[in-house]
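S.K.: The primary structure of each chain is shown beneath.
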Amino acid sequence: MRPASQADGEIVRAVLAGDRERYAQLVERYRDRYARYATRMLGSMDAAEDAVQDAFVRAYDQLAQCKDPDKFVGWFFLILRNRCFAERRRNRTSASLEAADEVAAEDRTEGVVETAERRRALQLALLELTPDQREVFVLKHVEGLSYTEIAERLSTSVPSLKMRMHRAYDKLRDELRDHT
Amino acid sequence: MSGHDFHPLIKQLLDGDVTLADLPAELHAEGEAALRLLAAVDRTDVSMPAVTWRVMAALERRRRRFLPWLLAPAFAIAAALVIWLRPGTPPPSAALVTVRFVLVAPEARQVSLAGTFNQWDPQATPLVRAGTTDVWTATLTLPAGQHQYAFVVDGARWVPDPGAPAVDDGFGRRNSVLTL
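As given, the protein sequences belong to chains X and W, one line each in that order.
With numbering that gives the first Met the number 0, the residue at position 143 of the first sequence is 142, and numbering never jumps.
With numbering that gives the first Met the number 0, the residue at position 151 of the second sequence is 150, and numbering never jumps.
For the record, the hints were derived by calculation from the structure and aren't laboratory data.
Note that the coordinates shown come from a computational prediction; the quantities given were computed from them, not determined experimentally.
Please note that a few of the clues may not be correct.
Computed list of chain W residues with no C-beta within reach of chain X, every gap over 12 Å [to be verified]:
no.	residue
1	L19
2	A20
3	S46
4	T51
5	V101
6	T132
7	T140
Derived CB-CB ranges, DEER-like [said to hold, decoys possible]:
no.	chain 1	residue 1	chain 2	residue 2	range
8	W	L19	X	D18	50 to 60 Å
9	W	D44	X	T129	47 to 57 Å
10	X	L15	W	D153	24 to 34 Å
11	W	L37	X	A63	14 to 24 Å
12	W	T136	X	D45	48 to 58 Å
Just so you know, even glycine gets a beta-carbon here, dropped at the ideal spot from N, CA and C.
Go ahead and model the full structure; you've got the sequences and the hints to work with.
M.R.: And the structure:
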C-alpha cells in the first residue's frame, strides 16, 4: 500500500510512466485547495468547478512539460489561473447578481442578516474589480497568503502587488460606500 | 486621490501593516469601517468532490473518442508551412517564428488548432477559410522549439497533421510535432 503522503513528484513521474490512474491522487489532493480561489475569481461555483476540472485535464495533457514534478502544485496553479482569467475575459459582462447570490449561498448559516448582506455586497463588488485586482485580493484576504507568498506564486514583485491591491481597496470602497 | 479613495494609512491597516491603535484619532472611524469591509470577506471553504471523477472520466472519454482517429480522415490533407520571421537569416536563439498552418477540409464547418502553445484549448486558435476554397489557414508566431498540436474539426474531431511527424500521446491519440 502506498503511503498517503506520497510526494507530488513521485506521482507525476508514475503518471508519466503510464500509471494514468495515479493522476486521481493529485486531483484529490489539490481540487479543494483551489476550489475556493476559482469560485471567488469567477463568482460562480458552476463556472469554478468547470475551470478546476478543465485545468486538471490541461495539466494532464501538459504533464511532461512540468519541469519540476515536485512543484506540481505551483505549476498547476498557473494553469488554473490562466483558465480563470480566460473565462473572465470570455464572460466579462456576466458578473451577475445570480452569481454573487450563488457564491454567497453559504451565508445562510451566518444568522446575521447585516453581515450576510455585506458579504453579498462585497462579492458583487469583487466582480467589478479587474481580474488582476480581484486575484490579489482573493489570494491575500480569502486564501490568507502574504504579499511575499503571492509574489513568489505569481512571479511578480511585492510593490506591484500592493499597488494592485490598493487600487482594489479604493474601487471596493467606491462600490461599497453604502455598506461600510 | 478621489473622494472615495482610502487614506494611505487605512490601506496599510487593511494590509495588516499597522493596527487600528496606530492610526490617528481622526482616522479611527474610517479604519473601523474599512475593517468591517474585510470582515465581510467570505473565507468559507469550497469543496468540489465531483471534480476527481469528472477529470478521470473526461480523460477516459477522450481516450476512447480519439481511438478512431488513429485512422486519420482521408479528406484532410494538411501541412504546416514555416515562415521564418526574417527569411534568409537564421533565427536568433529564443527566436519567435511565424508558422502558417494549413488544412484542406472540404466538409468542415469550422477548424481550429489546439496544441502546447495554447494549452490545448480547441477554441483558442480558429483557422480561417480562404475565400470559398476548402483551405483553412492560421498563422501563428511561436517561440523556437518543439510544439505538439492537432487540428480540431467542427469542435469535436481531433485530426493530426498528416504532413508532419507525430507522436503517441499515450491515449491512442497522435499529436503532430512541429520543430522550429
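S.K.: Hint by hint, note whether the structure agrees.
M.R.: Status of the hints after comparison with the structure:
Listed as outside the interface, W/L19 is consistent with that label: its C-beta sits roughly 15 Å from the nearest C-beta of chain X, beyond the 12 Å cut-off. A cut-off of 12 Å between C-beta atoms confirms that W/A20 is not in contact with chain X; the least separation is 20 Å. W/S46, annotated as away from the interface, has a beta carbon of chain X within 12 Å; the closest lies near 5 Å. Against the 12 Å criterion, W/T51 falls within the reach of chain X, whose nearest CB is about 5 Å from its own CB.
Listed as a non-interface residue, W/V101 keeps its Cβ farther than 12 Å from every Cβ of chain X; the least gap is roughly 24 Å. At roughly 30 Å from the closest C-beta of chain X, the C-beta of W/T132 stays outside 12 Å, upholding its exclusion from the interface. Residue placement check: W/T140 keeps its beta carbon more than 12 Å from all beta carbons of chain X (closest about 19 Å). Separated by about 54 Å at the C-beta atoms, W/L19 and X/D18 satisfy the suggested range of 50 to 60 Å.
Taken as a hint, the range 47 to 57 Å is violated for the pair W/D44 and X/T129, whose Cβ atoms sit roughly 26 Å apart. Remark: the range hint 24 to 34 Å for X/L15 to W/D153 is upheld by a beta-carbon distance near 31 Å. Between W/L37 and X/A63 the Cβ separation comes to about 42 Å, which falls outside the hinted range of 14 to 24 Å. Taking 48 to 58 Å as the suggested C-beta distance range, the pair W/T136 and X/D45 does not conform, at roughly 36 Å.
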